[in-house]
Structure formats: C-alpha cells, structure tokens
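> Each chain is listed here by its residues.
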Amino acid sequence: MDASIALVAIGPFGAAALAPLVHRIARPFSGWVLALVPTAIFLFLWTLIEPVARAGAVRGVIGWVPSYNLNLSFFVDGLSLTFALTITGIGTLVVLYAGAYLKGHPHLGRFMVFLLAFMGSMLGLVLADNMLALFMFWELTAVTSFLLIGFDHERQAARRGAIQALVVTNIGGMALLVGVILLQQATGLWDLSELQGEAVRGHGLYGVILGCFLIAAFTKSAQFPFHFWLPNAMEAPTPVSAFLHSATMVQAGVYLLARLSPSLGGTEAWTVILVCFGGLTLLWGALGAIRQTDLKQVLAQTTIASLGLLVLLIGLGTPTAIAAMVLYFVAHALYKAALFMAVGAIDHEAGSRDITALSGLADRMPLTFIATAIASAAMIGLPPTLGFFAKEEMYLDLLGSQWSQLVVLVVLVAGNAVLAGVAALVVIKPFLGAPMPTPKTGHEAPIAMLAGPLVLGGVGIVAALLTDWFGHSVLVPAGTAILGNPIESHLTWAINFASPVLWLSAATWALGLVVYRQASAVRTLLRRFEVALGWTADTVFDALMFGLIRFAGVVTRLLHHGRLEMYLVTVFAMLAVAVSVPLFVMGGITPLLPTADLGLWSVKLDWPDLLPYEWGVIVLALVGLGAILTASSRLVAILALGIQGTAVALIFLLFGAPDLAFTQFMVEILSVVILALVMTRLNLDERDRRPFEDLARDGTLALVCGAGVSLLLMVVLSGPFDPRLSEFFTATSVPIAHGANIVNVILVDYRGFDTLGEISVVMAAGIAIMVLLRRRGTASLPPAASQQPKVMP
Amino acid sequence: MNTVIFRTVAPFIVAIMLVFSVYICLRGHNEPGGGFIGGLIAASAIAVLGMSMGAAEARRALRLDPLSFAGLGVLIAALSGLLSIFNGNPFMTSIWLYLNLGETEVPLSTPMIFDIGVYLVVFGTIASVALALEGDDGEAP
Numbered sequence: 126m127d128a129s130i131a132l133v134a135i136g137p138f139g140a141a142a143l144a145p146l147v148h149r150i151a152r153p154f155s156g157w158v159l160a161l162v163p164t165a166i167f168l169f170l171w172t173l174i175e176p177v178a179r180a181g182a183v184r185g186v187i188g189w190v191p192s193y194n195l196n197l198s199f200f201v202d203g204l205s206l207t208f209a210l211t212i213t214g215i216g217t218l219v220v221l222y223a224g225a226y227l228k229g230h231p232h233l234g235r236f237m238v239f240l241l242a243f244m245g246s247m248l249g250l251v252l253a254d255n256m257l258a259l260f261m262f263w264e265l266t267a268v269t270s271f272l273l274i275g276f277d278h279e280r281q282a283a284r285r286g287a288i289q290a291l292v293v294t295n296i297g298g299m300a301l302l303v304g305v306i307l308l309q310q311a312t313g314l315w316d317l318s319e320l321q322g323e324a325v326r327g328h329g330l331y332g333v334i335l336g337c338f339l340i341a342a343f344t345k346s347a348q349f350p351f352h353f354w355l356p357n358a359m360e361a362p363t364p365v366s367a368f369l370h371s372a373t374m375v376q377a378g379v380y381l382l383a384r385l386s387p388s389l390g391g392t393e394a395w396t397v398i399l400v401c402f403g404g405l406t407l408l409w410g411a412l413g414a415i416r417q418t419d420l421k422q423v424l425a426q427t428t429i430a431s432l433g434l435l436v437l438l439i440g441l442g443t444p445t446a447i448a449a450m451v452l453y454f455v456a457h458a459l460y461k462a463a464l465f466m467a468v469g470a471i472d473h474e475a476g477s478r479d480i481t482a483l484s485g486l487a488d489r490m491p492l493t494f495i496a497t498a499i500a501s502a503a504m505i506g507l508p509p510t511l512g513f514f515a516k517e518e519m520y521l522d523l524l525g526s527q528w529s530q531l532v533v534l535v536v537l538v539a540g541n542a543v544l545a546g547v548a549a550l551v552v553i554k555p556f557l558g559a560p561m562p563t564p565k566t567g568h569e570a571p572i573a574m575l576a577g578p579l580v581l582g583g584v585g586i587v588a589a590l591l592t593d594w595f596g597h598s599v600l601v602p603a604g605t606a607i608l609g610n611p612i613e614s615h616l617t618w619a620i621n622f623a624s625p626v627l628w629l630s631a632a633t634w635a636l637g638l639v640v641y642r643q644a645s646a647v648r649t650l651l652r653r654f655e656v657a658l659g660w661t662a663d664t665v666f667d668a669l670m671f672g673l674i675r676f677a678g679v680v681t682r683l684l685h686h687g688r689l690e691m692y693l694v695t696v697f698a699m700l701a702v703a704v705s706v707p708l709f710v711m712g713g714i715t716p717l718l719p720t721a722d723l724g725l726w727s728v729k730l731d732w733p734d735l736l737p738y739e740w741g742v743i744v745l746a747l748v749g750l751g752a753i754l755t756a757s758s759r760l761v762a763i764l765a766l767g768i769q770g771t772a773v774a775l776i777f778l779l780f781g782a783p784d785l786a787f788t789q790f791m792v793e794i795l796s797v798v799i800l801a802l803v804m805t806r807l808n809l810d811e812r813d814r815r816p817f818e819d820l821a822r823d824g825t826l827a828l829v830c831g832a833g834v835s836l837l838l839m840v841v842l843s844g845p846f847d848p849r850l851s852e853f854f855t856a857t858s859v860p861i862a863h864g865a866n867i868v869n870v871i872l873v874d875y876r877g878f879d880t881l882g883e884i885s886v887v888m889a890a891g892i893a894i895m896v897l898l899r900r901r902g903t904a905s906l907p908p909a910a911s912q913q914p915k916v917m918p
Numbered sequence: 169m170n171t172v173i174f175r176t177v178a179p180f181i182v183a184i185m186l187v188f189s190v191y192i193c194l195r196g197h198n199e200p201g202g203g204f205i206g207g208l209i210a211a212s213a214i215a216v217l218g219m220s221m222g223a224a225e226a227r228r229a230l231r232l233d234p235l236s237f238a239g240l241g242v243l244i245a246a247l248s249g250l251l252s253i254f255n256g257n258p259f260m261t262s263i264w265l266y267l268n269l270g271e272t273e274v275p276l277s278t279p280m281i282f283d284i285g286v287y288l289v290v291f292g293t294i295a296s297v298a299l300a301l302e303g304d305d306g307e308a309p
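Residue numbers (the numbering used here), protein chains in the order written: chain C, 126 to 918; chain Z, 169 to 309.
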C-alpha cells in the first residue's frame, strides 16, 4: 500500500515519457492506448474508496532527504481521493478526446507528453502530504499548463495566454513557497496531515502565513483580481480547456484552501476574505459570461464564477457549506468538462464557436446535443443531477436571520441565476431553432470525442440517483477531511414542497429564464460599460509587463553601455568606495593612528630592516612601475608591467610562499605573452593619448584604490593573528591528507569541492572567451560576405 | 619572432616545458607545484609552440580541441570525487592506494586524479585562449 500511492502520483510522468513512442507506433490509436494509464490509476484509486471511507486516510512514504528528516510523503483521504478520482477519471476521457481532436496533428505526441505530465503534476499535488512536495507539484502544474496553453506556439495569442498564466500563477507559487516555509517554521512540521489547527491559528505569524496561502490559492484559482488569465488560457486546444477548467489546475487553489481549512480556517479574517472575494468573483465571472459570444470564452467565464462560489463556500466553513462545496465541486467538474468537450466537438465539426453564428445543430449532432443538455441541466441545477443537490445544500446553509447571511444568500441566488441563464444559452442557441449555414457542414463527432461528454453527463445523473452511496463514499469522507470533524450526509430525494430552499431554487430558475431572454440586451449594456471604463485587468497586466520590459531596457542601457573603459571605471570606483568607507568613515584606520603621543610616528616611519637583495627587489618593482608610467609605446608598457609582476613574485619567493611565487611567475609570463599577442592586432607602436580629464579621473581612482588597499593590508597586519586554521592545517596535513604541501592539500583535499567549482568556472570562462573571439571573427566580416554560401575548394 | 633559431629550438623548449609541467603537477602534494601551476606551464608551452609554428600547427599537434581538454578535466575532477561514494563515504572523501614496486612505494590517490583534472582544465582553457588570440579564431580550418 505504501509505495503504490507514490507510484500512482508519479505514474503519469512515466506515461508521458513513453507518449512519443506510443504515438509513433500506434498513430491513430495513441489516444486509446495512452488512456489506459489514467484508467488504471482511476481503477486503483476506486478500490481505495471503501478503505478511506472506513479508516480515514491511507499513507505512502518515500525517503527524500533523510538527513533532514524530509520525506516524499503522500496520503489519500476523502478530499484528495475526490480530487484524484476526478483528475484521473476526467483525465482518461480527455486523453481519449485529445487523440481524436488532434488527429493527424504533427505534434500530437508532444501534446500527449504535456497532457500526461500535467495530469501527473495535478495528481501529485492532491496526493502530496509533504508541503515541499506539494509546492513542487504546484509549480509543475504551472510549467506544464504553460506548455499546454502555448501549445499552438506559432500564434501570438497562445504565447501571450501562456506567459500570462505562468506569470500570474507563479506569483502565487512564490507566495506558496514562502507560506510553506513559514508554516514549517511555525509548527516544525512538513506534513500537511499532521498540522494542528490551534497551533497554527494561535501563532504570531498566522496573518502572514494566511496571506501567503491566500495569494497562492487566489492566483491559481483565478479569484478576483487575478481572474484575467483564465479566459486567455482558452488559447489552448480544447482538450486542455476541458481538463484545466474541470478537474485540474484552476481547482488547485480550491484544493489548497480546502486542505488548509482545518488548520488555517475558522478565523474571522479567513471567513471575511474568502466570502467577500469569492462572492465578488462569482458575480464578476457570471456577468463576464453573458458578455461573451465565443462559447469557450463563455464557459471560461462561468468557471471563474464557479471558482468564486467554491471559495465562498469554503469561507463559510459550516458543515452544510462544506457539503455543498464538495457536491458543487464534483458536479462542476463533471458538467464543465462535458460542456468543454461538447463545445470542442461543435467547433471541430461545424467550424465555429460563436454563439450568434450557430443554430439548429441538434438535427446534425444529436448525441452532442443530448450530452450538452444533460450537462447544462446540471449547471442550471435541475433535478435529477448533482448540480441540484449542490444548489440546495448551499441555500440550506444560509437560511438564517443574520443580515450577513442574507446578503450572501442574495449573491448566491443572483450568481446561480446568471449561470443558469448562461447554461440555457449554451444549450439552446447552438442546437435549437432554425439551422444556420456554418463554415463546415456539421455532422456527429467521432466516438472518442463523444464518449467524454456523454459519460460525464451520465455520471452526474447516476451519482445523484445513488444518494446513499455517494453520500457515504464521497461526500462524508471529503467533507470530514476538509472540516476536520465528521460530517453527516443528508442527501435525499424526498422533496419537501414546504421547504424554503426549494422555493429559492425555483426563484433561481425563474431568474435564469429572465437572464436567458435578456442576454443580448445585457451583453450590449456590459460591452458599452466596458468601453466606457476603457481598461480591464487584462490591459493593466499588459501595461505592467511592458513597463517591466521598458524598465529592464533602461537599466540595461544604463549599466550595459558597451564601453569597456567605463566598466572598469565603475568597478574601480566601487572598489575605492568599498575600501575607503570602512577605513575612513567607520573608523577602521584607528589601529594605525598614533593614539598616545606623536613619538610613535618615529617608530612607524623607521626604515624597515631589510637585507640588500630585498631592497633590490623593491627597487625592481619601483623601476617597473616607473617604466609603465613613462613608457613610450604600448609594448613597452606591457613589458614593464611584467617586470613589476616579477618583482612581486620575487617577494613571494623570498618570504616563504614558493607556490604563490611560482603561480605569479607563470601568470606574469602568460599575461605578457597574451597581452602582446592581443596587441599584435592593434597598434603597439604609439602611446595612448588621452585628454587631461581622463588622466585626472583614472589617476585619482588609481591613487585612492592603491592607497586604500595598502592601508587595508596594514590594518589587517596590525591586528592579532588568529593561528587556529593554520595550526589545524599544519597539524593535520600529513596525517590526514598525506601531503606536505599545505597549499596544495587545501586545494585538492580539504576544499576540493570549492576547487571543483572554481575549475568549472575557469572552463566556463574559457568557453565564454572563445565565444566572444569567434563572434568578433564573424562580426568583422562585411554582412554581404558572411551571407554568401561558402564554396569548398 | 619567427626566426629560424626560434623555430628550431622551440620544439625542444616545448617538450622540456611539458615534461616539467607534468613533474610539477605530480609533485604538488608534497612540494611546491600542483595542477594549477603545471597547467599554466603546459599552456605556456603551447603558446610558445603556437608562436613558433603557427596556431594551426599547434592545434594539429594537440589533436583535440584545447577546450575539450578543459571539459575532460572537469569530468575527471568530478569523477575522482564520485569514487568515494562507492566506498560508502561522502562525495570527495580521499582514497589512498600505496603501490609497492619493490624498490619504492608509489602513492596513488583521488586527490592526485583531482589535481590532474585541475591541470587539464587550466591547460585547456589558457591554451585555447592563447591559440585563438595567436592565429585563427578557433574555427576548424
């Protein structure tokens, strides 16, 4: 049991890796073959329903970084099982559907890779117990959805939609990481299943943690004001939309909120924020849905509304509200996937998705029509569908006398009514009425594309009819997991006409009918309002992104101006500041200053007690310096630099650092050789002519840097020497590392890992230099010459 | 610089420098030297060779692209650290092996292999830059 759950979470990635191969072998049937993987996972998860309903949770752990007590742990409780079943169940149908929808597409194999990896990320996300694993899968869903949304990457709109989704959801991803780390710091736990609600809510960091998780959930689940990326994600091929909107990524935020409900929820901040933003999102999305005429866009907007509704219900947090949330989640996943697939079928067979350009398709696509009708019934909340129960349950929760409950109730009824009207639009406009000419002559879609909508619609009804089983196996375990306390199922078909809930439902339907009749008038009004407003969240996002690019441009032009001389000036000016400020401003120089009496100066100024050849070396260095300053040509200056460097090497040699001296010698020789070689391409014979301002600037910098570094070294030497490290190395070099040359022992043994990094940098620098040299070689050619085809002799 | 004397003497200088560089590299663990200095000396040798015979000729003498020496070096250095993992020790724990050849004992160790990697990296990088600056731009002729 242990490892099999982890295997389930990782399984789709394996299938993704094999997808191109499967596609190559089983070309027309690759959808059927690949669908076997999610089917198998679905069936495995199905066997867990009973154990989970009985025992609560099933766990699986793989050691991850054992030395940090970090495990890749997974667990299945009612909540994750509900999500995992929808993901794999709908995933199976989506894979099947995609195989038919993109039949003959040259990149179908690649698409399947993305789709299966997406499924795996989402599955891992809902099964993960470890919060870091959760974060990892969370980010994986962002990356894979980026690939899916931008699948049609030659279209600009698809690229934009993909980038927008990535940017917005990644802001949330970063917030999630911060939240996870803070939560771990606060509780000392990595595992979600072990979090204790009181410990988290009572902690001083609760507000920050809550904020981080809310940002994560709101960006992912497209809550207001982050809702705008979701409609643009419609640029993805339809199978992706069906998956994205029903079971996967956008639900991740809802899942996160539900999962954290027992530990973070229940406070006033939680309730108020979730209910307010959820309600706002519900209304916003519902109105947005009427505004659109593209069927996919209409459905995308209703998803926003539904997500708002789910968040609102989680915010309310009572047992009835949570029951309503679970019911609504399942009902929504089923009908939304079915509707997207049906719309894809319409688009595929009739060639258009515009609600105003379609009519009377029912004759030509009867099965699609039936599927759409069932799904829409669930969306409207008509019996006998799960949608009906979901609506009843949420109204039931809000029957009370408090004014806040009434407000929320009104919001819910209004939102549901608009959604019902939209659902009616989706099923009636394209299918009923007089047939209209369409770009393609519509006929029924292939069975692989019809299976999804029909099965999902059917499941919505069957689940609603099996009230006892559904309540016992899905609703109660999931609700218990969300709430942290056992809840009771009271699903029943015994309809009580005296109940106000039923009358509220009836009112919703009636209002929905009004919305349906007035849809085009409302649409005109909304569009006029939008034009009057002039900007939307979408345009604000664009403005921000372009502002960022412009800002990056300005910064780049400022810092990366391409003048080597100025780079050096910047570097040395910074060095001067870095050395001088601590020395002179922060009192670093005091050890060198005579504090007691001026008499000390004579000691400091005493000629050092040097041997004659030591004086010789110093004179050599000074001669080298003088030669550089007065050199008559560049070649002489380079050679004089070599003299000066050699003198430094001699000093090293005299004072017991032969390794350093050796290296210094070699570096001096090589640098003179290389500099001279570089200069052979330039004019070596003359001296640099530069204006006085440049001389003054460079001279000042050189003096300040030189003086600063010298003083710094003197200060360092005047302090007490801490011999611990050198004593350690001297004492252990031979016994531990078997080497008498301490420098080398440190380099290759004690700090071998550092050296490995350094030589990698050396190699990378070498590659970079070669790239620059080669670029220079091609760039110096006239453009015409480089474009000519090369003729081999 | 391209005199007859230089061209005649250069191969001998280069050969001596290369042998010396290997000697410096290998003795580094106990006496001044090591992979870094050895690599610099070897790179100087190649620079001398390039000056006397032309960069293309020097490149031909190397047989491989100088940068691939650098890549090989990083690989060797990293692999020398990985050896200890099979021993059950953390990455880069040194392993020593004393070969008894009758007269003398030759110590072999992973730090030595690591140092050879350093040697190759320094040699490859500097040599490729020097050769590229001397003549061609590193493109295969």
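Treat the hints with care, as some may be off.
Here are some chain C residues pointing at chain Z (derived, C-beta under 10 Å) [unchecked claim]: (1) ALA631; (2) LEU673; (3) ASP784; (4) THR880; (5) ARG899.
No lab work stands behind these hints, which were simulated from the structure alone. Keep in mind it's a predicted model, so treat the numbers as computed, not measured. Ideal placement from N, C-alpha and C gives every residue a C-beta, glycine not left out.
> Each hint needs a verdict: does it hold in this structure or not?
Status of each hint after checking the structure:
1. ALA631: violated, 71 Å
2. LEU673: violated, 36 Å
3. ASP784: Holds - the Cβ of C/ASP784 comes within 10 Å of chain Z, reaching about 5 Å at its closest.
4. THR880: holds, 7 Å
5. ARG899: holds, 5 Å
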